[in-house]
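> Residue numbers (this note's numbering), protein chains in the order written: chain Z, 181 to 291; chain P, 3 to 116.
It is possible that some hints are incorrect.
In silico PhoX-like pairs for lysine-lysine, Cα to Cα no more than 20 Å straight-line [stated by the list, open to error]:
1. P:LYS43 x Z:LYS185
2. Z:LYS236 x Z:LYS251
3. Z:LYS251 x Z:LYS185
4. P:LYS42 x Z:LYS185
5. P:LYS54 x P:LYS24
6. Z:LYS185 x Z:LYS248
7. Z:LYS217 x Z:LYS290
8. Z:LYS248 x Z:LYS234
9. P:LYS24 x Z:LYS217
10. P:LYS54 x Z:LYS217
11. Z:LYS236 x Z:LYS248
12. Z:LYS251 x Z:LYS234
No lab work stands behind these hints: they were computed from the structure.
Model, not experiment: these values are computed from the prediction.
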Amino acid sequence: DQQVKQNSPSLSVQEGRISILNCDYTNSMFDYFLWYKKYPAEGPTFLISISSIKDKNEDGRFTVFLNKSAKHLSLHIVPSQPGDSAVYFCKGSGNTGKLIFGQGTTLQVKP
Amino acid sequence: ETGVTQTPRHLVMGMTNKKSLKCEQHLGHNAMYWYKQSAKKPLELMFVYNFKEQTENNSVPSRFSPECPNSSHLFLHLHTLQPEDSALYLCASSQGDGDNYGYTFGSGTRLTVV
């Protein structure tokens with residue numbers, strides 16, 4: 181049972197535009213969500229998080245939105261930069277089941 | 003460097019070999035994790051250690067054997083692996099073993115079983 185899903189394996193965006201990465205979850209017991217960014221040949225690095233009691237958290241160019249009723253969260257990057265090109269993982273918290281990370285979405289920001 | 007160091011970065015081993023992966027962190031974190039990332043699959047949690055005690059084993063085959071001698075070091079001993087075990091093995095650490103803490107990941111060991 182995959183409790184966290186990222187249904188878009190890849191996304192291509194022009195530099196300066198907005199990137200929107202989506203994540204859906206099924207476990208209503210998750211109380212915290214985190215986004216990680218991964219470059220090739222490196223481990224994931226923590227990017228931004230949101231508690232389930234909030235619907236928005238902003239950190240510079242990165243904003244995460246949470247829609248609990250839809251069990252959906254999204255990461256917005258504005259404006260997108262070529263250095264943002266990486267794989268982005270979302271993670272649900274509160275459950276240490278085997279599949280707690282999404283599959284990842286590869287973002288490519290074109291100059 | 004993130005503060006979590008994994009060695010070796012790359013490893014090629016035969017199915018009859020015995021090898022070990024090493025992970026080291028000096029961030030003062032109490033929890034350490036092994037994850038497996040196969041091609042086109044989500045990150046899979048393998049083991050969790052909190053204060054040197056194993057608190058999670060997600061039905062990992064016995065050919066993978068973890069060892070945590072202290073809060074700063076974590077090993078993954080490998081023996082009689084299968085080609086399908088080829089993957090990127092990531093070590094992570096966090097302040098506590100609750101998921102609310104962000105994880106710090108190492109760069110991973112790229113394992114190829116031939």
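> For every hint, state whether the structure bears it out.
How the hints compare with the structure:
About 11 Å separates the Cα atoms of LYS43 (chain P) and LYS185 (chain Z), which keeps this hinted pair within 20 Å; it holds. Annotation: proposed proximity of LYS236 (chain Z) to LYS251 (chain Z) holds, straight-line Cα distance about 14 Å (limit 20 Å). In summary, the hint linking LYS251 (chain Z) to LYS185 (chain Z) is supported, as the alpha carbons are separated by about 11 Å, within the 20 Å threshold. Between LYS42 (chain P) and LYS185 (chain Z) the CA atoms are separated by roughly 13 Å; this keeps the pair inside 20 Å, and the hint holds.
For the suggested pair LYS54 (chain P) and LYS24 (chain P), the alpha carbons sit about 15 Å apart, so the restraint of at most 20 Å is met. Between LYS185 (chain Z) and LYS248 (chain Z) the CA atoms are separated by roughly 15 Å; this keeps the pair inside 20 Å, and the hint holds. A C-alpha spacing of about 18 Å is found between LYS217 (chain Z) and LYS290 (chain Z), which places the hinted pair at or below 20 Å, so the restraint holds. With a C-alpha separation of about 9 Å, the suggested pairing of LYS248 (chain Z) with LYS234 (chain Z) holds against the 20 Å cut-off.
Taking the CA atoms of LYS24 (chain P) and LYS217 (chain Z), the gap is about 23 Å. The hint is violated against a cut of 20 Å. At most 20 Å may separate the alpha-carbon atoms for a hinted pair to count; LYS54 (chain P) and LYS217 (chain Z) exceed this at roughly 28 Å. At most 20 Å may separate the alpha-carbon atoms for a hinted pair to count; LYS236 (chain Z) and LYS248 (chain Z) meet this at roughly 11 Å. About 13 Å separates the Cα atoms of LYS251 (chain Z) and LYS234 (chain Z), which keeps this hinted pair within 20 Å; it holds.
Checked against the numbered hints given earlier, this structure breaks hints 9 and 10; the rest are met.
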